[in-house]
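Asks: The chain contents come next:
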Amino acid sequence: MEAPFDDRLLHQRVVGGDESALGEVYDRLSSLIFGLSLRVTRDRVIAEDITQEVFLIFWERPLAYDPDRGTLRAWLATIAHRRAVDHVRAEERRRVSVLGPRLFEPPPERLEETVLAADEAKRVRQAVTRLPEGLREAIELAYFGGRTYRQVGEELGVPEGTAKSRIRLALRRLADALAEEEV
Amino acid sequence: MEPVERLYLDALMEEAAVPERSLRPQLLAGARARRRPAAPTAAWAEPYAGRVAAMDALLASAVDDDWAREIVEGWTLQELVAHLAAKDGLLAASVGAPVLGPALDALDAMGRTLQVQEYERARSPEQTRRDWRAQADALCRHLGGLTPDTPATLDGVAGAVSDHVLARGLETWIHTDDAASVAGVRLPHPVPAHIRPTADLCARLLPWTMMLSGVDGAGRTLHLILTGPGGGEWTMPLGVHDTAPGTPDVSITTDVIDFCFLLGGRAEPESYPAEITGDHALAADILRTAPALSGP
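In order, the protein sequence lines correspond to chains W and U. Residue numbering for the first sequence follows our numbering, starting at 330 and increasing by one per position. Residue numbering for the second sequence follows our numbering, starting at 32 and increasing by one per position.
Excised from the complex, chain W in its bound form (with noise of 0.2 Å):
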């Protein structure tokens, strides 16, 4: 999936030195990045400070993002999921050597380009298997067959914006039975 024009020129200009789009990335992109971060360590500061992160790393290595391979928001969501998950290992690391001597050892750090593990992406799947059928239908026919809001609307007989608040709906009951799992 290519990068829409707007990130291409944002990067150019990023890539060139010019801060203030870096500022109309933040503004386009902070609250997504901040209410992954809070969604996935539930700590306001911690996600503040993720936040934060990732937009100085794309500030300062911005040749490390490829528009050819991705959004930027999909880049993004990447690095502060990553970071998130990293610290909520640690967190979880401190707690069992509070308790105790460790009785397993900790995975090994996930590959660069890995966002979900073999078995997380299992359960992600399981859990949009236990999604009311209508809303499953657009999830699979939005991520897994590839088709657009429009598409999926003419698909299940129904206007473009009613499929596109299926998708919503669905995407934040799925992060809900998610979160109660605790992937």
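Read the hints as simulated data drawn from the structure, not as lab findings. Ideal placement from N, C-alpha and C gives every residue a C-beta, glycine not left out. Hints may contain errors.
Claimed, not checked - Derived DMTMM-like pairs: lysine to aspartate or glutamate, alpha-carbon spacing no greater than 20 Å straight-line:
1) 493/W with 46/U
2) 451/W with 466/W
3) 451/W with 247/U
4) 451/W with 510/W
5) 451/W with 509/W
Claimed, not checked - Chain U stretches covered by chain W per the calculated footprint, using a threshold of three residues with CB under 8 Å from any CB of chain W:
6) 46-52
7) 57-64
8) 313-324
Stated by the list, open to error - Some, not all, of what chain U presents toward chain W, calculated at C-beta under 8 Å:
9) 32
10) 42
11) 106
Chain U: place on chain W using the hints.
Replies: Chain U alone, transformed into the frame defined by chain W:
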């Protein structure tokens, strides 16, 4: 990214949230400390300042092996950066801006390059990077107080300082692209607002590149169409002393980035992709001689 990963991240982002206090001011302050923004300068020098910032971003991720790797002209990355600093310093000297590095002995580009490379060889790559950036930023600051038509001479070529600085921007761009290719990094293009004046300079150089190659374009006219963001259309005489264009003898349509790289000596004129109507022999002369001003 796998669809299931995209789905998972989108689900996590569905509940957007806002920090209690905006992180924006401290983010921008932190950003400035982590990577210097493009130096403030005159509007006509911004394409150069932008290319300097882009090169610096590439150099930020260079490790020991990268610095010792040969990029072009038999030069390592460190020697290439020293070469850029040398030529930037010569332009600085010509307009009264501070010249950093070793005392100015040589005024020709190759002599000064050898001098700065010798000086930098005794220093770490990171110091070379800082020296080059300090020279570029000092030049930018000084240009902020000049008018674009201020006369300047670099390597024996006299012209307006605005044209010289656009040429410095083009050379910095091309060498950044050289280094990025070796490092396997994809370098994004400059913004269209910076490509446009650079392409305009390249177009205006054509009568000179022809003359330098022994082709007299006097009395002939080119209609040049450069496509893509930052492109445009030029109807221009091909003789260095011609004052106005006539009826076009030939029309050349080509990609604006390809055209800048052709002038920069990074394209094969024989296989160069261009759409030509009119005098094909004249077009072949224009394209064949276009890299004449490119050098190290």
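Asks: Between the region 46-52 of chain U and chain W, are there enough contacts, at least three residues with CB-CB distance under 8 Å, for the coverage claim to hold?
Replies: holds (count 6)
Asks: Take a quick look at whether residue 451/W and residue 466/W sit within 20 Å of each other, Cα to Cα.
Replies: Distance of about 18 Å is within 20 Å: holds.
Asks: Does residue 509/W lie within 20 Å of residue 451/W when you go C-alpha to C-alpha?
Replies: Holds: residue 451/W and residue 509/W sit about 16 Å apart, inside 20 Å.
Asks: Take a quick look at whether residue 451/W and residue 247/U sit within 20 Å of each other, Cα to Cα.
Replies: violated, 71 Å
Asks: Taking the closest Cβ pair, is residue 32/U under 8 Å from chain W?
Replies: Cβ of residue 32/U sits 6 Å from chain W, so the hint holds.
Asks: Are three or more residues of the region 313-324 of chain U within 8 Å, CB to CB, of chain W?
Replies: Coverage by chain W is violated here, the residue count being 0 at a Cβ distance below 8 Å.
Asks: Given the hinted pair residue 493/W and residue 46/U, is their Cα-Cα distance within 20 Å?
Replies: holds, 15 Å
Asks: Hey, does the residue 42/U contact hint survive, CB to chain W under 8 Å?
Replies: Holds, about 4 Å.
Asks: Can you confirm whether chain W covers the region 57-64 of chain U, using C-beta to C-beta distances below 8 Å and requiring at least three such residues?
Replies: n = 6 at 8 Å, threshold three: holds.
Asks: For the pair we were handed, residue 451/W and residue 510/W, check the Cα-Cα distance against 20 Å.
Replies: Judged against 20 Å, a Cα distance of about 13 Å means the pair holds.
Asks: Mind checking the CB of residue 106/U against every CB in chain W and telling me if the closest is under 8 Å?
Replies: violated, 21 Å
The structure shown violates the earlier hints numbered 3, 8 and 11.
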